[in-house]
Structure formats: C-alpha cells, structure tokens
Amino acid sequence: MKIYSVAEVTGYLRELLEADSLLTDLWVSGEVSNLSESAAGHLYFTLKEEASQLRCVLFHRARLALTLENGMAVVAHGRISIYEVSGTLQFYVDLVQPEGMGILHLEFERLKAKLAEEGLFEPARKRALPPFPQRIGVVTSPDSAVLHDIINIISRRYPLVELVLSPTPVQGDGATLGIVQAFDALNDTEGIDLVILARGGGSLEELQAFNEEKVARAIYASRAPVISGVGHDTDFTIADFVADKRAPTPSAAAELAVPHRVELEGRLQSHSRALVAALSREFERYRQRIDELTRVTTMHLGNLLTISREKLRGRELKLGSLSPLATLGRGYALVQHSATGEVISHINQVHRGDAIEVKVSDGQFKSRVTGLKKGLQAWMNSFPSKKR
Amino acid sequence: MDEQLSFEEALTRLERITQTLEEGGLKLEEAIALFEEGMKLAKICNERLNAAELKISQLQTPFEQGLESKDEPP
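For the record, the sequence lines run as chains F and X.
If you count by our numbering, then the first sequence holds residues 1376 to 1763, one letter each, in order.
If you count by our numbering, then the second sequence holds residues 420 to 493, one letter each, in order.
This is chain F alone, in the form it adopts within the complex (with noise of 0.2 Å):
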C-alpha cells in the first residue's frame, strides 16, 4: 500500500478512461440541460435522463449540425475522460445530432463530418479519370450480376482494355477489410491505370461496408483514381464522396470508366474526312500558284514579244531604206539583158540591137538598145553648175 497523491489519482482516471475504446468512440442520447457558453465560445451542457446525469462540454463549434437548446433531446458522440482541474468527468462532444436518428445515420454523419474537415472530399484532390485507360481495376463481388454487368458494357463499348478482378465481399462480416485488400492487392499490380469499385443496390446495413472509414481510406489511397458505382441513384455512400468519381450504379460506373467505340468510330471517320479535305485544299492551293505562275510567265513572254516586234519593225525601216525598190521610186530604173537576166550598170556591157528588160517602182517593159554613147559629160553638163 502508499498513499496517492490527487494527482496520481486523477492522472491515473485519465489514462484508464483514454484507453477504453468503448468511452474513446461513443454515442450517448440524453436531454440537454444548463446549457451555459464560455467566452472563449465553448458550450457546457448537462446530457441527463430521469435520475442520471453526463457533463459535457464542446469546444468549438464547427462540427455543431443544429442549435443546442435546453430541453432538446440529442444524441452526441464524442469520448468520455476526467477534468483533472475539478476531477469531474466529462463527457467530450464532437458532434451532435437529434434524436431519432438511427446509429448508422449518425455514424455516417459523423464519419462524413470528419473526413470532410480531411479534406478527403475536396475537388481540388480528386485525380482526372484516364481518357483511354489500358488496365482497370474491378474491385467486387466474384461471380456477380455486378461483375457480369461490368464485364459486358465495357467489352461493348471500347474492348480495348484488360479487367483485373480484385474479389472481395461486397457485405457482412469481412467486407470492410475484403475491399481494404481488394485496394491493397490492385496497389501491388502494375500498370493498373483506373478502379472501378462497385456493389449491387441495397439497405444501409447492407451497404454498410462502403461507409466504413477504412474503406474511405483505401479509395483515398489508392494509386489509381477510383469511380465508384454503389447501390442505386439514390444512395450516397462515404465511398462516393472520396472516390475520385461518383457514379450513380456500377453499370454507369463501367461506362464512365472507357470511352464509347462508336463515338471512337465517328471521331476516326471526321478525321479522315478532315485529312482528305486538308490535302485538297492543299491541291488546290498548289493548283492556283501553279495557274498564278503560268499567268505571269505569259505576260512575260508577250512583254518579250511585243519588243521583239517592235525591234523588228525597226530593222524592217532600216532594211526599207536600202532596198532597190526605194531607189526605183526615186525614179531610177533596173536595167537587165532580157537573154541573161544580168543587171546593166556599165556602157559596154551592151550592144546595138541587144533585147534588154526595164524595171521601174511599179511595173518593167521591155526595150530594145537602139544607139550607144560613152560618157555622161553631156548630161552632165545639162545641170547648172554651182561655180558659174
């Protein structure tokens, strides 16, 4: 035996009541009553039933669903320990709700409370769904209508990709820790790119397996981004709030995971469309330079000619002004042996009585030499003479 200090004592409370796993989790339903605040903004209450009474206190207020009032009937969660200042126990609320609802409900508000103050749901956090994902993670049921749905939208729609079966029971016992491995065993395999985690419709108890909080842990810790397809429309599951996507049935979930072959048919076709009308337009886009170019040459060309033309007419001119015709159109004549057709330029190239040929600016006639003279003297001397 010794003798205990006070504080030993309530030290000794503290630490026997923080290891207890039923005070450290609880709910408790009871009235509230001497509801009183602090100024520092935390709520003190009484929880109390005919001849039993709980203290409680709340600090902050953040996870507080409703407006505490005297007389209210509650349930609250929380954990139970001793105030070692005033060595009164105490019960430690986190949460509170009303009363009727049923423990599951609440356990999934609170979980729900509690991972979202995490952050385990924020947008910001959840991963894009892989466009065309190569291998798929099932994490189901073996074996079930679930599977075999799955199994044929996907093999319909884009059959492009390989299904890893991860089985696990979707409810009862082990189904918590089945789907827990079910992650774990995808996590180990390579190359797993997307998750489909998914379960049939049914009652909350049910689908109890998809609140549990180490489910919402595996979905948050798997390496591949996560849709989940629990239930029916209807149903909202903690799993759907962290998965990376929710979809409403596990059939939808298995279209949200793959694209649709046929809209993959009708993008492969516009693109072929797209191609054939590019190099088209490619095509004709040559064609009109090809025409522009042919244009231009052309007008080159004719430029070329029109100078050359011109250039010609000049040398025609030129060619005009030295030819005997002008000279005949001065009035001189082209006298010819009409036996030799040889051009008579000197006296003695003719005799008396030779036939000869004339030719003048517009015609020729025929003549006959009837006398010869040398010289020009006298015709000359015919001229009047610049020197007399």
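Okay, the calculated beta carbon distance ranges per label pair: (1) GLU456/X <-> PRO1505/F: 19 to 29 Å; (2) GLU1659/F <-> GLU456/X: 15 to 25 Å; (3) GLU1565/F <-> GLU428/X: 13 to 23 Å; (4) ALA1503/F <-> GLU456/X: 20 to 30 Å; (5) ILE1526/F <-> GLN479/X: 13 to 23 Å; (6) VAL1432/F <-> SER476/X: 52 to 62 Å.
It is worth saying that the hints were derived from the structure and are not from the lab.
All residues carry an ideal CB built from backbone N, CA and C; glycine is no exception.
Given chain F, work out where chain X should sit, using these hints.
Relative to chain F, chain X alone:
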C-alpha cells in the same frame, strides 16, 4: 509507322496530324506524307477497335484464397 503504338497514342498522333494539315502552309510532299500517315493511323485504330477482345484476369486476394480452401471437399 510504329505498329506498337497504343490506341491512345495513335489517336493522339492522328489528331496532331489532322491539325497540322488543316493549318496548311506545308510543302506538298510533306502534306502528302502526313496525309498518308494519318490515313494509316485511322485505319490502324479502326482495326484495333474491331479486332480487340476484352482481356480479363483475376488477382489472388485473401478473400479469394479463403473461398478456394472452402471449396475443397472435407
């Protein structure tokens, strides 16, 4: 073209080719080469879609192992 391209890679390449060709301004030989590559990619993608068959495999999880041992005759 590499026959080992994944469907996604082939489709992405096809999209880039279409875009490049639509932007225009290429040499005619380049345009024709891209056109031919694009048409070939479209054909390969189509063939992949038509020829593919869904592959299914199953991981060994503790649950599945448990089922198997239960299936054994007593």
